[in-house]
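K.L.:
Going line by line, the protein sequences match chains A and B. For the first sequence, the numbering used here assigns the number 1 to the initial residue and increments by one for each residue that follows. For the second sequence, the numbering used here assigns the number 1 to the initial residue and increments by one for each residue that follows.
Simulated from the structure, these hints should not be mistaken for laboratory data. Keep in mind that the hints are not guaranteed to be accurate.
What the hints assert, rightly or not - Short derived list, chain A residues pointing at chain B, Cβ under 7 Å: (1) Ala383; (2) Arg393; (3) Phe394.
Claimed, not checked - Here are some chain A residues pointing at chain B (derived, C-beta under 7 Å): (4) Ser121; (5) Thr123; (6) Thr382.
Claimed, not checked - Chain A residues, not near chain B, derived (Cβ > 12 Å throughout): (7) Ala87; (8) Glu250; (9) Lys285; (10) Glu376; (11) Ala388; (12) Ala391; (13) Ile412; (14) Ala441; (15) Leu453; (16) Ala494; (17) Gln499; (18) Arg519.
All residues carry an ideal CB built from backbone N, CA and C; glycine is no exception.
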Amino acid sequence: MLGLMHLLLWLNDRRSVSYALSVLMSFAAATVALVELSLLNTLSVPEYSRLLQWQNLWVCVLLVSMVWLVYAHLGTARRWLAATITAMWSLTLVVNFAYPASVVFSEISELRRISTFRDESFTLAIGIANPWKLLPDLATVVILLYVIDAANRSWRRGARRPAGLFGGSVVLFMVLAGIHAPLVDAGVVATPYMVSFAFLAIVLAMSYELVSDAVRVSRYARQIEANERRWRSLLQKVQLAIVGVTPGGEIDYVNPFFERISGYGANDILGRPATALAPPADLQKLERALQQAGQGDPEPHSEWTLLCANGEQRKMVWSSVSLFDGEGAVSGFLGIGEDVTERLRSRAELQRTQREIERLRRVGALGELASALAHELNQPLTAILSNAQAARRFMAGGDPDLGELREIIDDIIRDDKRAGEVIHSMRAMVRKGEIDRESFAVDAAIEEVISMLGSELDGQGITIILDFDPALPEVQAGRVEIQQVMMNLVLNAANAMTQTPAGQREIKIAACGDGDGVRVTVHDTGRGLEPEEQGRLFDPFFTTRPEGLGMGLAICRRIIDSHGGRIWARDGKRGGAAFSFTLPAAKAAAA
Amino acid sequence: MTESQATVFVVDDDESVRKGLARLLRASGYAVKTFASAEDYLSHDNVHEVGSIILDLSMPGLDGIDLQRRLIERGDDLPVIFLSGHADVPTSVKAMKRGAVDFLTKPLDEEALLDALHRALSRQRRERAERREQETVRDLLHILTPREYEVMRCVISGARNKQIAAHLGIAEKTVKVHRTRVMQKMRVRSVAELVQACIAAGVSPVAPD
Chain A
1 MLGLMHLLLW
11 LNDRRSVSYA
21 LSVLMSFAAA
31 TVALVELSLL
41 NTLSVPEYSR
51 LLQWQNLWVC
61 VLLVSMVWLV
71 YAHLGTARRW
81 LAATITAMWS
91 LTLVVNFAYP
101 ASVVFSEISE
111 LRRISTFRDE
121 SFTLAIGIAN
131 PWKLLPDLAT
141 VVILLYVIDA
151 ANRSWRRGAR
161 RPAGLFGGSV
171 VLFMVLAGIH
181 APLVDAGVVA
191 TPYMVSFAFL
201 AIVLAMSYEL
211 VSDAVRVSRY
221 ARQIEANERR
231 WRSLLQKVQL
241 AIVGVTPGGE
251 IDYVNPFFER
261 ISGYGANDIL
271 GRPATALAPP
281 ADLQKLERAL
291 QQAGQGDPEP
301 HSEWTLLCAN
311 GEQRKMVWSS
321 VSLFDGEGAV
331 SGFLGIGEDV
341 TERLRSRAEL
351 QRTQREIERL
361 RRVGALGELA
371 SALAHELNQP
381 LTAILSNAQA
391 ARRFMAGGDP
401 DLGELREIID
411 DIIRDDKRAG
421 EVIHSMRAMV
431 RKGEIDRESF
441 AVDAAIEEVI
451 SMLGSELDGQ
461 GITIILDFDP
471 ALPEVQAGRV
481 EIQQVMMNLV
491 LNAANAMTQT
501 PAGQREIKIA
511 ACGDGDGVRV
521 TVHDTGRGLE
531 PEEQGRLFDP
541 FFTTRPEGLG
551 MGLAICRRII
561 DSHGGRIWAR
571 DGKRGGAAFS
581 FTLPAAKAAA
591 A
Chain B
1 MTESQATVFV
11 VDDDESVRKG
21 LARLLRASGY
31 AVKTFASAED
41 YLSHDNVHEV
51 GSIILDLSMP
61 GLDGIDLQRR
71 LIERGDDLPV
81 IFLSGHADVP
91 TSVKAMKRGA
101 VDFLTKPLDE
111 EALLDALHRA
121 LSRQRRERAE
131 RREQETVRDL
141 LHILTPREYE
151 VMRCVISGAR
161 NKQIAAHLGI
171 AEKTVKVHRT
181 RVMQKMRVRS
191 VAELVQACIA
201 AGVSPVAPD
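If we strip away everything but chain A, and leave its shape as in the complex, we get (with noise of 0.2 Å):
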């Protein structure tokens, strides 16, 4: 009964040696059953003899087919010893078949009838003693250590269960038989063998051994495959697209995702190498992904353009995982990819967008630049022209007074040379014009421009205070450019403290080595920065204060770009607003 229920469970699962083996030793143990029974009633010698032999062959089909059931059951037993154990039994066989009273006895003598209690009688043999039954005990003590090892494994791995009940009835059994059965060989005792019920013992514990697994793992299956829908689900409708490969480079696995944005379909892919999937450029980024997947560290990040089926190119940005079988080998991996090409496209729109505007803001600069310089222009034009047929009506008068025509050419003159100004300082903004080059010492520059302006800062009370690193490297750059930089910021910092009390005002200038160059910062106590002046304090025209012209800090920072250097304003750390720019040093800028 229960060999037919594991035949049925073996078809199931064809897979399973267990369940093979498990038919096989309740078949063996249901023919020994029978062929002792015939024992207990046999008259004959010659037939007792006979099914002695047969009942010895089941016997042996059934210890060696457990004993590989364990092996294959427990996972932790011996191969070697199995091997051994099927060997010896193997020989018991032969032995068996060679003697005529079976490898139990050499001779049988006679056949007793012993009669029980209840009025029933078995049959029992005496005879001498097979010198080969050795070699099944041995073999009987071999299984015993066999099973005692591989339970006592498998228990110390944590199989318990299956360690305890394989193992305990196997040694419960195989003890009571191999101790019992001997005995009565020996004619020690005088029972019958009872051989067949520690066998049929060792079967069933088995076979509940075996069947409360077939629960389990249809238990598990059923958990597996409630796990497996929701990775198949997430797989199906993920925005992502997943692609499976093999340690080989063979595509085994896309998603639908991928079948979408790619093109291709599953059959048609599927079996293609990985590499067909990018197109030329990315080849080599594709393979190194790949070969770092194949050695199990996969890149976690790694960007590659998808070659669709109808030749587009889709920017992806992929991870991959690898996966490993139970050796713990890569069996595969998968690639993950995000589409980024729709994102990529609309950066680069915001970038040209932006582009667009930083045009216009320009286009919109250079009107203001215009309107501004009309302004500034006109002032003088006016006055000039004004003077001028102002000296014309008073010499059309006769007699004029001189000295207020002088005076009107003074002013003519003075006019003249501001609206000149204006166009000089316009033409320093916009000139793109060659800077005579020269190596010089910054500190001193710095000096001259201080002690141009003197007598300015004095009669403003602007204490100066000049902190220059004494191993200031020398700077390749237009002197005078720089020195015109200086002048404009120094004069800044004395405007920016109009405000300021008369005993605070200070300008601090600082010159320090910054990296491969030099870096200045001047420094003042006024009024700080506005935070809305901070972005826009180098646009030219961009003034706070009423007459200026907004165009020296434009020049500055046109002079500074142009010499490969940066101009920057923040608020000082003492209050007062600090400008800094820098230059490269003369040994960087020739090299």
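With the hints as your guide, set chain B onto chain A.
P.N.:
Relative to chain A, chain B alone:
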């Protein structure tokens, strides 16, 4: 020449421009006063001066347009000529609507300037004369009796004496007497002149039913 008694007020933040314009205007026979800002101008009381204002449009603080508004608010009747660095159409339209005489672009030509000044001064003269006439009529109105005033309003509506008499419930003869007195007191010789004076003084006619 009346214009030689006129004063030109120049308001511009640029000293050179102020100086140059002042010289030119003086050479052209005007008295000149200069101001560096709108605020500076407002601190002086020039209301009853004869003359004109030459006003720079863009100045720090109050700009030209702001100053023009203030002048209107305080009843300053000096005509305004705007100067601007560039022709800004919306601003100039606004300025002209508020009664500016002209909107000149810098650098400005002396003829355009003097022409604008000339127009400004004659406009001021005209306006002041009109105002004076209006004030005279108002003074005359005060010496009318209430009855004469009522009769006058009916007369300027073009009503006949008979209608007026019926309307006011008095004898036609009495209306005739009032009417003569009105003509005398208002110093007019015809009904047409009376109507003109009443319009200038803002007296509305009353038509009898």
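K.L.:
Compare the structure with each hint and give your call.
P.N.:
Here is how each hint holds up against the structure:
1. Using the Cβ-Cβ criterion of 7 Å, the hint placing Ala383 of chain A at the interface with chain B is satisfied: the shortest such distance is roughly 4 Å.
2. The closest approach between the C-beta of Arg393 of chain A and any C-beta of chain B is roughly 4 Å, which is under the 7 Å cut-off, so the hint is satisfied.
3. At its closest, the beta carbon of Phe394 of chain A sits 5 Å from a beta carbon of chain B; the interface hint therefore holds under the 7 Å criterion.
4. Violation of the interface hint for Ser121 of chain A is found here, the shortest Cβ-Cβ separation to chain B being roughly 136 Å, above the 7 Å cut-off.
5. Interface restraint check for Thr123 of chain A: the shortest CB-CB distance to chain B comes to about 134 Å, outside 7 Å, so the restraint is violated.
6. Of the supplied interface hints, the one on Thr382 of chain A holds, with its beta-carbon coming within about 4 Å of a beta-carbon of chain B, less than 7 Å.
7. With a cut of 12 Å on Cβ distances, Ala87 of chain A stays outside the contact zone with chain B, its closest approach being about 114 Å.
8. The Cβ of Glu250 of chain A lies farther than 12 Å from every Cβ of chain B, with a closest approach of about 74 Å, so its non-interface assignment holds.
9. Non-interface call for Lys285 of chain A relative to chain B: holds, since the shortest CB-CB distance, roughly 59 Å, exceeds 12 Å.
10. Here Glu376 of chain A does not stay apart from chain B, with its beta-carbon only about 9 Å from theirs, under the 12 Å limit.
11. Distance check on Ala388 of chain A: its Cβ comes as close as 9 Å (rounded) to a Cβ of chain B, failing to clear the 12 Å threshold; non-interface status is violated.
12. A Cβ of chain B approaches the Cβ of Ala391 of chain A within 12 Å, the least distance being about 8 Å, so the stated non-interface status is violated.
13. Look at Ile412 of chain A: its CB is around 8 Å from the nearest CB on chain B, not clear of 12 Å, so calling it non-interface is violated.
14. Chain B leaves Ala441 of chain A outside its interface by the beta-carbon criterion, the shortest separation being 41 Å against a cut-off of 12 Å.
15. For Leu453 of chain A, the non-interface assignment is confirmed: its Cβ lies about 24 Å from the closest Cβ of chain B, beyond the 12 Å cut-off.
16. For Ala494 of chain A, the condition that its CB be more than 12 Å from all CB atoms of chain B holds, with the nearest at approximately 20 Å.
17. With a least beta-carbon separation of about 16 Å from chain B, Gln499 of chain A lies farther than 12 Å from that chain, consistent with its non-interface assignment.
18. With a minimum CB-CB distance of about 36 Å to chain B, Arg519 of chain A clears the 12 Å threshold, and the non-interface call stands.
Checked against the numbered hints given earlier, this structure breaks hints 4, 5, 10, 11, 12, 13; the rest are met.
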